[in-house]
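Engineer: These protein sequences, in sequence, are chains A and B. Note that numbering that gives the first Met the number 0 has the first sequence beginning at 0, numbered continuously upward. Note that numbering that gives the first Met the number 0 has the second sequence beginning at 0, numbered continuously upward.
Keep in mind that the hints were calculated from the coordinates and are not lab data. Being a predicted model, the structure only gives us computed values, none of them experimental. Built from N, CA and C at the ideal position, the CB exists for glycine as well. It is possible that part of the hints are untrue.
What the hints assert, rightly or not - Only some residues are given here: those of chain B computed to face chain A with a beta carbon under 8 Å: (1) 63; (2) 64; (3) 96; (4) 148; (5) 151.
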Amino acid sequence: METLGFAINNKKYPVEDISANLFVREKVDFLLHLADTNLILAQRNAGWCGHGPILEQDIAITNISLDLLGQARNFYQYAALLLNQLAANAMSNATLNFQESGTGIRQAPSPLEMSGGEVTEFQDSLEKHPAEVTEDTLAYLRTEREFKNLLITELPRGDWAQNILRQFFCSAYQFLLYEQLIKTDDVQLAAIAEKSIKEVTYHLKWTSEWVIRLGDGTSESHQRMLTAFGELWPYTGEFFMPAGYEKKDITAVDTTSLNQPWIDRVTVVFKEATLGPIISSMAGAGFMQSGGKNGIHTEHMGILLAEMQYLQRTYPGANW
Amino acid sequence: MNQGDTYINLTEKEKIWAVLQTVPDPEVPVLSVIDLGIIRDVIITSDAYSPCNGVKIVITPTYSGCPAMDAISFDIRLKLAEHGYKNIAITTLLSPAWTTDWISEAGKKKLKAYGIAPPHTKQIVCDTRLFAEAEAIQCPLCDSYHTKLISRFGSTPCKSLYQCNECQEPFDYFKCH
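Kindly produce the complete structure, drawing on both the sequences and the hints.
Structural biologist: Take a look at the structure:
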């Protein structure tokens with residue numbers, strides 16, 4: 000009887016090896032989900048640069064954008080480190096395999112190929128960049144289907160009310176999520192969360208105040224908040240629908256368990272903003288969009304990436 | 000972290016700290032990187048295969064997205080090279096996360112003299128209560144506590160914008176973090 004194990008590239012691996020590899024790959028997917036969510040939200044907020052309602056708030060929203068970009072960089076750098084390690088392992092295994100079997104075998108996957116998604120979609124980026132993965136290759140050279148950001152982050156920026164409400168929903172979620180991530184036994188992930196939550200605290204406070212200011216402002220601003228709510232609410236369910244890689248041993252948190260604390264937090268602010276009725280009528284109700292965590296995006300995503308990645312796609316390796 | 004070191008030369012270390020004291024923060028040039036509290040460690044490494052010792056500087060970012068961090072790394076490298084150091088490695092450590100408590104007392108005095116209100120030691124402003132007025136921030140120009148918050152986000156990620164009700168001057172507050 001055969002012993003337990005998995006066969007990959009004609010080589011038998013003990014169970015422990017492959018599960019360790021899978022664990023790392025799922026962790027990379029989770030890190031990319033966190034990084035992509037921050038990057039795309041940063042990109043959308045950056046679109047306000049020069050368009051804010053007044054100078055101070057223009058500066059504030061772009062400051063928040065910068066914080067999110069910095070957090071995204073930390074997640075990408077960590078993901079790149081793990082991907083390069085995975086690729087190095089795969090390479091040494093492939094060499095071993097070659098020596099043992101003496102036959103030509105499939106080459107070890109490059110790190111870019113291992114960053115998730117469907118292999119066929121990588122061919123283009125692979126040929127141009129066979130070398131190691133960096134934060135930049137992850138941000139600029141992956142295709143739409145490889146991005147794992149939440150759908151809410153890629154929606155067009157809308158008016159000020161819509162942008163404020165999106166940032167508020169996201170900050171409230173990130174605050175709760177990072178509070179949990181600080182407790183993971185993954186030291187690097189916990190460190191990034193510890194760093195990020197200080198910044199998110201400012202974002203949450205600033206956006207909460209703006210939700211109240213607009214909701215409890217003029218009839219025009221109140222109406223715009225209601226419209227924004229209608230636009231954004233169907234995208235909030237995705238926060239709490241775990242993707243395959245959001246396993247508790249990786250995230251240290253049961254994603255669905257953050258739902259009620261999030262509703263509670265949002266409700267407090269909404270009540271003060273005289274938007275109480277709409278949140279109590281909608282909480283836990285309505286059809287929710289999903290897919291972003293697994294690379295299924297809205298029609299806005301391709302346009303966003305075309306703009307964001309244009310320079311590196313057109314002039315590969317361009318630097319300043 | 001120190002496992003790879005074969006010896007630690009204290010006087011050499013002190014020299015490096017003195018060099019770092021001359022590296023300014025690019026955004027607030029009156030502060031050195033030491034005043035700012037972002038130098039977490041200085042490690043002297045020696046490599047058996049290399050005749051000269053290496054230097055490892057451990058830094059921590061003030062804010063995740065602080066664009067000055069790359070410039071700071073570059074400046075540290077340049078300044079150490081000027082003083083003849085080779086094999087310079089600069090690594091970033093995220094935890095424990097930087098806090099304004101790490102800005103030195105001398106640094107806080109320099110900030111005030113430069114026209115930026117230094118951070119308070121208690122992180123009162125960081126609570127999540129809405130519209131909570133920050134604790135009174137002293138105007139760095141006329142010393143009045145009669146000031147108001149204009150915006151929690153200022154000219155750089157680490158500052159917020161205030162205005163003095165007495166002398167009417169707008170000023171930056173190095174926000175607590």
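Engineer: So, for every hint listed, does it hold in this structure?
Structural biologist: Each hint tested on the structure:
{"no.": "1", "hint": "63", "in the structure": "3 Å, holds"}
{"no.": "2", "hint": "64", "in the structure": "3 Å, holds"}
{"no.": "3", "hint": "96", "in the structure": "4 Å, holds"}
{"no.": "4", "hint": "148", "in the structure": "10 Å, violated"}
{"no.": "5", "hint": "151", "in the structure": "6 Å, holds"}
Violated hint for the displayed structure: number 4, the only one.
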